[in-house]
Amino acid sequence: KQEVTQIPAALSVPEGENLVLNCSFTDSAIYNLQWFRQDPGKGLTSLLLIQSSQREQTSGRLNASLDKSSGRSTLYIAASQPGDSATYLCAVRLVGDYKLSFGAGTTVTVRA
Amino acid sequence: GAVVSQHPSWVICKSGTSVKIECRSLDFQATTMFWYRQFPKQSLMLMATSNEGSKATYEQGVEKDKFLINHASLTLSTLTVTSAHPEDSSFYICSARVGGTGAANQPQHFGDGTRLSIL
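Protein chains in written order, with my numbering: chain A, 5 to 116; chain B, -17 to 101.
Do not take every clue at face value.
[To be verified] Where chain A lies over chain B, by a calculated footprint (3+ residues, C-beta under 8 Å): (1) 17 to 26; (2) 88 to 100.
[Claimed, not checked] Here are some of the chain A residues that sit facing chain B, going by a computed Cβ distance under 10 Å: (3) 8; (4) 12; (5) 50; (6) 103; (7) 109; (8) 113.
Worth flagging that the hints you see were computed from the coordinates, not collected in a lab. The beta-carbon is built from N, C-alpha and C at its ideal position, and this holds for glycine as well.
Based on the provided sequences and hints, a complete structural model is requested.
Take a look at the structure:
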């Protein structure tokens, strides 16, 4: 069974600082890995999707890296803003499976 | 594009009541829809997968008679929590995936969730 862990569980930074969020998974036979944002009481918004053959994906201030062999992905958010405050979830899909395995998320607070 | 609407967003009801939650794909046809449950500060747990026109596939430990899922059309799936009790209180989120060729490789698009509180 795929176990997905996100550390830290919570993070508070001053505005302008870069954010580094970590995700680790136990089974490296992944099809892809996805990062989501979840605002309080809301559903999930997809941020970045990395295929297993890729090393990283970028979208604006967001950059996600993937090291499949070590079972790790990192989400970098540059020059954080108060609007970046949310919970960030990573989810992994295994090869041959349609299901997503989610981590518990990292709750980020960016202080103005 | 790829908008998923979930209704209601919040429901409070008495113990023993049955509650129906709707999940609609607004601008695409969703052959497959997924229902998740999320407890505070925990990850999303897949409850069941529903394919249009067929019976839902439930994850281990999820009571199919307790959580009734219907996926009667390509744009609508419903989850009914029957005879709800306080331990059923949770945040329920649906997602939908487009159909057609290569559907298995398509991403899931998520609704905004339903906060269910049973008194």
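Hints, one by one, checked against the model:
Counting residues of the stretch 17 to 26 of chain B whose CB falls under 8 Å from any CB of chain A gives 4; the rule of at least 3 is met. For the stretch 88 to 100 of chain B, the stated coverage by chain A is satisfied: 8 residues place a CB nearer than 8 Å to a CB of that chain, which reaches the threshold of 3. A cut of 10 Å between beta carbons decides the hint on residue 8(A): the least distance to chain B is about 7 Å, and the hint holds. A hinted interface residue such as residue 12(A) counts as satisfied when its beta carbon comes closer than 10 Å to some beta carbon of chain B; here the least separation is about 12 Å, so the hint is violated.
Taking 10 Å as the C-beta contact cut-off toward chain B, the hint placing residue 50(A) at the interface holds, the least distance being around 6 Å. Given hint, residue 103(A) at the interface with chain B, holds; its Cβ is 6 Å from that chain's nearest Cβ, closer than 10 Å. At its closest, the beta carbon of residue 109(A) sits 7 Å from a beta carbon of chain B; the interface hint therefore holds under the 10 Å criterion. Interface hint at residue 113(A): violated, since its Cβ lies 14 Å from the closest Cβ of chain B, which is beyond the 10 Å cut-off.
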